[in-house]
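Residue numbers (my numbering), protein chains in the order written: chain A, 226 to 552; chain B, 505 to 833.
It is possible that some hints are incorrect.
As the list claims (entries may be wrong) - In the BS3-like style, the derived pairs of lysine-lysine whose C-alpha atoms are separated by at most 30 Å in a straight line are: (1) A:K368 x B:K773; (2) A:K295 x A:K248; (3) A:K359 x A:K377; (4) A:K548 x A:K237; (5) B:K531 x A:K377; (6) A:K295 x A:K548; (7) A:K318 x A:K377; (8) A:K318 x A:K306; (9) A:K494 x B:K589; (10) A:K368 x A:K345; (11) A:K357 x A:K377; (12) B:K571 x B:K629; (13) B:K531 x B:K807; (14) A:K318 x A:K494; (15) B:K773 x A:K426; (16) B:K807 x A:K368; (17) B:K589 x B:K571; (18) B:K544 x A:K377; (19) B:K544 x A:K494; (20) A:K426 x A:K357; (21) A:K345 x A:K377; (22) B:K635 x B:K589; (23) B:K629 x B:K589; (24) A:K377 x B:K528.
Said to hold, decoys possible - Far from chain B, by Cβ distances over 10 Å, these chain A residues were calculated: (25) C240; (26) R243; (27) D302; (28) L304; (29) N338; (30) K345; (31) P352; (32) V361; (33) Q418; (34) D442; (35) V522; (36) R527; (37) P535; (38) R540; (39) Q546.
Because the hints were derived from the structure by calculation, they are not lab data.
Note that the structure is a prediction, hence the values are computed from the model and not measured.
Just so you know, even glycine gets a beta-carbon here, dropped at the ideal spot from N, CA and C.
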Amino acid sequence: MGETLLLVEDLKTHCFTRAGVIKAVDGVSFFVNRGEALGIVGESGCGKSMTCASIVRLVPQPAARIVGGKILFAGDDLLTKDESEMREIRGNKITMILQDPLMSLNPVYTIGNQVSEMFKLHGRKLPRPTMKQKVVEVLTRVKIPSAENRLKDYPFQFSGGMRQRTVAAMAIAGEPRLLIADEPTTSLDVTIQDQFLLLLKEMQEQTNMGLILVTHDLGIVAQTCDRIVVMYAGKIVESGDVPRVYGGPAHPYTEALLQALPRIGVRHKRLFQIGGEPPHFLNLPSGCSFWPRCHKVMDICRREYPPSFPVEDGRQAACWQLKKGDV
Amino acid sequence: MQPLLELKEVYKYFPISSGGFLRKKVKTLKAVDGVSFSIKEGTSFALAGESGSGKTTISRLVLLLEKPTHGSLVFENKEVQQFTKQDVSWYRTRVQAVFQDAAGSLNTRMRIKDIVGEPLVAQQKRLSPKKLTEKVEEMLGLVGLSSAVLDNYPHELSGGQKQRVAIARAMILNPSLVILDEPVSSLDVSIRAQILNLLADIQERLGLTYFIIAHDLAMLGHVSAQIGVMYLGKIIEIGNTDEVYANPLHPYTRALFAAMPRPEPGRVKEIPALQGEIGSPLDPPPGCRFHPRCQFAVDHCRKTRPLLLEMRPDHQVACHKADSLSATM
Chain A
226 MGETLLLVED LKTHCFTRAG VIKAVDGVSF FVNRGEALGI VGESGCGKSM TCASIVRLVP
286 QPAARIVGGK ILFAGDDLLT KDESEMREIR GNKITMILQD PLMSLNPVYT IGNQVSEMFK
346 LHGRKLPRPT MKQKVVEVLT RVKIPSAENR LKDYPFQFSG GMRQRTVAAM AIAGEPRLLI
406 ADEPTTSLDV TIQDQFLLLL KEMQEQTNMG LILVTHDLGI VAQTCDRIVV MYAGKIVESG
466 DVPRVYGGPA HPYTEALLQA LPRIGVRHKR LFQIGGEPPH FLNLPSGCSF WPRCHKVMDI
526 CRREYPPSFP VEDGRQAACW QLKKGDV
Chain B
505 MQPLLELKEV YKYFPISSGG FLRKKVKTLK AVDGVSFSIK EGTSFALAGE SGSGKTTISR
565 LVLLLEKPTH GSLVFENKEV QQFTKQDVSW YRTRVQAVFQ DAAGSLNTRM RIKDIVGEPL
625 VAQQKRLSPK KLTEKVEEML GLVGLSSAVL DNYPHELSGG QKQRVAIARA MILNPSLVIL
685 DEPVSSLDVS IRAQILNLLA DIQERLGLTY FIIAHDLAML GHVSAQIGVM YLGKIIEIGN
745 TDEVYANPLH PYTRALFAAM PRPEPGRVKE IPALQGEIGS PLDPPPGCRF HPRCQFAVDH
805 CRKTRPLLLE MRPDHQVACH KADSLSATM
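Next up, chain A with everything else stripped away, as it sits in the complex (with noise of 0.2 Å):
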């Protein structure tokens, strides 16, 4: 793969409420190399999305701070920036994909204004018939049928699939280095969100960007991404290539996820079920946040938290199942 478009290190996002801290992110750690696709798994308020809102610096202040860490895009740490200068950065190199599109449309403004805005706002002014053309070209482009007579459309003529297509287009239209889409297919029907999968696989080839696509379905992350980061309680569980984590994964978090999935064509009496419920912030179990959940779960496990071992060609997972020698 090739080069290292953007590394975490060590990433804390600190949520300071009235009845106390919430580390919904605490110590990310993580890479997107140019031409890739991570996905990053987890289940609701695991920290997923805070993480995102933190690599474009848009996290909800002020309850919300970046409390520690680096963010090197392209060499550059995102954190030292100031906001004139990520505002450069936002919609023109790094981009996002939300997953409710009628949130990111204006509801009174045509398709055609809110997509040249996106050429407007990055600075490149261009005479009136030539910007037509960009934005019928880019809407051309993420399969909007005949683009050029629904530019006069608002959004709401729109159908859940073009809507989101269309925030697709003003993504792309900057031609970013790094797509962020966070759940982009959820309120997508089936065929649709299949259609929509196959968009962003298709754009990110073809430009060759980085891409982060966050999810809560296994099954996404299998058919679009590269590599796959597992969050559990505001940290990273599991790290690795699709294939290899899908395989043999050796988080017991990630390892129970993927059989509590109900699978066509394989029929069990019972569902293998993970108990309990996912912890809440404030009131975290001691040692590893997984314990009281885990089916392999160890004395050591209730003490410490596991760091991150490594287990075979980059894959690392947090867990003292993986601890060689004597626990």
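Given chain A, put chain B in place with the hints provided.
Chain B in isolation, oriented as in the chain A frame:
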């Protein structure tokens, strides 16, 4: 086994008015367009389909929240259309529902014990508080909640616990049919398996009949005995779940299977992604409703509507090309 619930050629059309002074009726939204199926006692029947396919309208018809435009529903050999007032209140004790969004279906200002006990209070006016609490505790035990949550409010519970409360409330009247409308789609992956196993346990213990509505084929394949696949208000394929999953015959069913994301890296899809989007029920395409998206469509499909025909044992398909398609499998 005799059917517990039977739908016979059920239609539900909604008139859409133009607005304005005279409210002239301009269009008809064909939400459910001639659907028949029956649910055998003690089994699980599933309806699958994308949004706009009419599956939720069917659940509203079964819950008597809507009246069908044509057709009839038969429950325990009684015609639902001819129900008297007493029949309706009896029916409401026999048929209960669990909805997708547990948080939304629980009153935020009621305590858990009042939420779970309410159906019983509504049905039996003279019930001693002691009996009521006993029954509520029994139901909480059934769904695996401790009686410590009795005095809690819904916001104090997690998503999975809220769904358990919704299940307990549905079970307290000892119904025979429970409608599960997307029972786990709002839950986290690790909680889904817990709820599905719980529902299976309760079904086995109480001999319940489930009517499950969802879009997740992997989940439905695990929990249902019979399945119907809907597209734009019609059932296009129906039959024994294992049989339909082993030999999907309708091009739409096959496309759904292919579009399901599966945790199998490097999987090569059997067929290419489906083009286009589901049509509008206001103006459904003529002939087979699926033809604008179907790669096998011929002229015949554009003109004549296919009927549900038995192509294999316990497996019906509405497709003109099903014969030739089953040969290519």
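Now the hints, each set against the structure:
Straight-line distance between C-alpha atoms of K368 of chain A and K773 of chain B comes to about 21 Å, which keeps the hinted pair within the 30 Å bound. About 16 Å separates the Cα atoms of K295 of chain A and K248 of chain A, which keeps this hinted pair within 30 Å; it holds. Taking the CA atoms of K359 of chain A and K377 of chain A, the gap is about 15 Å. The hint holds against a cut of 30 Å. For the proposed pair K548 of chain A and K237 of chain A, the alpha carbon gap of about 25 Å is at most 30 Å, so the pair holds.
With a CA separation close to 26 Å, the supplied pair K531 of chain B and K377 of chain A stays within the 30 Å bound. Proximity of K295 of chain A to K548 of chain A is assessed by CA-CA distance (about 27 Å); at most 30 Å being required, the pair is judged to hold. In summary, the hint linking K318 of chain A to K377 of chain A is supported, as the alpha carbons are separated by about 28 Å, within the 30 Å threshold. Note on K318 of chain A and K306 of chain A: the hinted pairing holds, with a Cα-Cα distance of about 14 Å set against a maximum of 30 Å.
Taking the CA atoms of K494 of chain A and K589 of chain B, the gap is about 41 Å. The hint is violated against a cut of 30 Å. A C-alpha spacing of about 22 Å is found between K368 of chain A and K345 of chain A, which places the hinted pair at or below 30 Å, so the restraint holds. In summary, the hint linking K357 of chain A to K377 of chain A is supported, as the alpha carbons are separated by about 11 Å, within the 30 Å threshold. The suggested pairing of K571 of chain B with K629 of chain B holds, with an alpha-carbon distance near 28 Å, which does not exceed 30 Å.
Note on K531 of chain B and K807 of chain B: the hinted pairing holds, with a Cα-Cα distance of about 21 Å set against a maximum of 30 Å. Using a Cα cut-off of 30 Å, the hinted pair K318 of chain A and K494 of chain A is violated, with the two alpha carbons roughly 50 Å apart. About 15 Å separates the Cα atoms of K773 of chain B and K426 of chain A, which keeps this hinted pair within 30 Å; it holds. For the hint linking K807 of chain B to K368 of chain A, the alpha-carbon distance of about 29 Å falls within 30 Å, and the restraint holds.
Between K589 of chain B and K571 of chain B the CA atoms are separated by roughly 15 Å; this keeps the pair inside 30 Å, and the hint holds. For the given pair, K544 of chain B sits about 52 Å from K377 of chain A by alpha-carbon distance, which is inconsistent with the 30 Å threshold. A distance of roughly 20 Å separates the Cα atoms of K544 of chain B and K494 of chain A; the hinted pair therefore holds under the 30 Å criterion. Restraint check: the Cα-Cα separation between K426 of chain A and K357 of chain A comes to about 26 Å, which is no more than 30 Å; the hinted pair holds.
Restraint check: the Cα-Cα separation between K345 of chain A and K377 of chain A comes to about 18 Å, which is no more than 30 Å; the hinted pair holds. In summary, the hint linking K635 of chain B to K589 of chain B is supported, as the alpha carbons are separated by about 27 Å, within the 30 Å threshold. Between K629 of chain B and K589 of chain B the CA atoms are separated by roughly 17 Å; this keeps the pair inside 30 Å, and the hint holds. Distance restraint check for K377 of chain A and K528 of chain B: the Cα-Cα separation of roughly 29 Å lies within the 30 Å cut-off, and the hinted pair is therefore satisfied.
Once the 10 Å rule is applied to beta carbons, C240 of chain A is consistent with being away from chain B; the minimum gap is 19 Å. At the 10 Å boundary, the C-beta of R243 of chain A stays outside the reach of chain B, the nearest C-beta of that chain being 17 Å off. Once the 10 Å rule is applied to beta carbons, D302 of chain A is consistent with being away from chain B; the minimum gap is 33 Å. Taking the minimum C-beta to C-beta distance to chain B, about 31 Å, the non-interface status of L304 of chain A holds against the 10 Å cut.
For N338 of chain A, the non-interface assignment is confirmed: its Cβ lies about 24 Å from the closest Cβ of chain B, beyond the 10 Å cut-off. For K345 of chain A, the non-interface assignment is confirmed: its Cβ lies about 30 Å from the closest Cβ of chain B, beyond the 10 Å cut-off. With 10 Å as the threshold on Cβ separation, the claim that P352 of chain A sits away from chain B holds: the shortest Cβ distance comes to roughly 35 Å. Every CB of chain B is more than 10 Å from the CB of V361 of chain A (nearest about 20 Å), matching its label as outside the interface.
The Cβ of Q418 of chain A does not lie farther than 10 Å from every Cβ of chain B; its closest approach is about 7 Å, which violates its non-interface assignment. The beta carbon of D442 of chain A is not kept farther than 10 Å from every beta carbon of chain B, the shortest such distance being approximately 6 Å. Every beta carbon of chain B lies more than 10 Å from that of V522 of chain A, the smallest distance being close to 16 Å; the non-interface claim holds. Once the 10 Å rule is applied to beta carbons, R527 of chain A is consistent with being away from chain B; the minimum gap is 20 Å.
For P535 of chain A, the shortest C-beta to C-beta distance to chain B comes to about 21 Å, beyond the 10 Å cut-off, and the non-interface label holds. Interface exclusion of R540 of chain A from chain B stands, the closest Cβ pair being 14 Å apart, more than 10 Å. With a closest Cβ-Cβ approach of about 19 Å to chain B, Q546 of chain A is found to remain outside the 10 Å limit, as its non-interface label requires.
Hint compliance for this structure: hints 9, 14, 18, 33, 34 are not met, and every other hint is.
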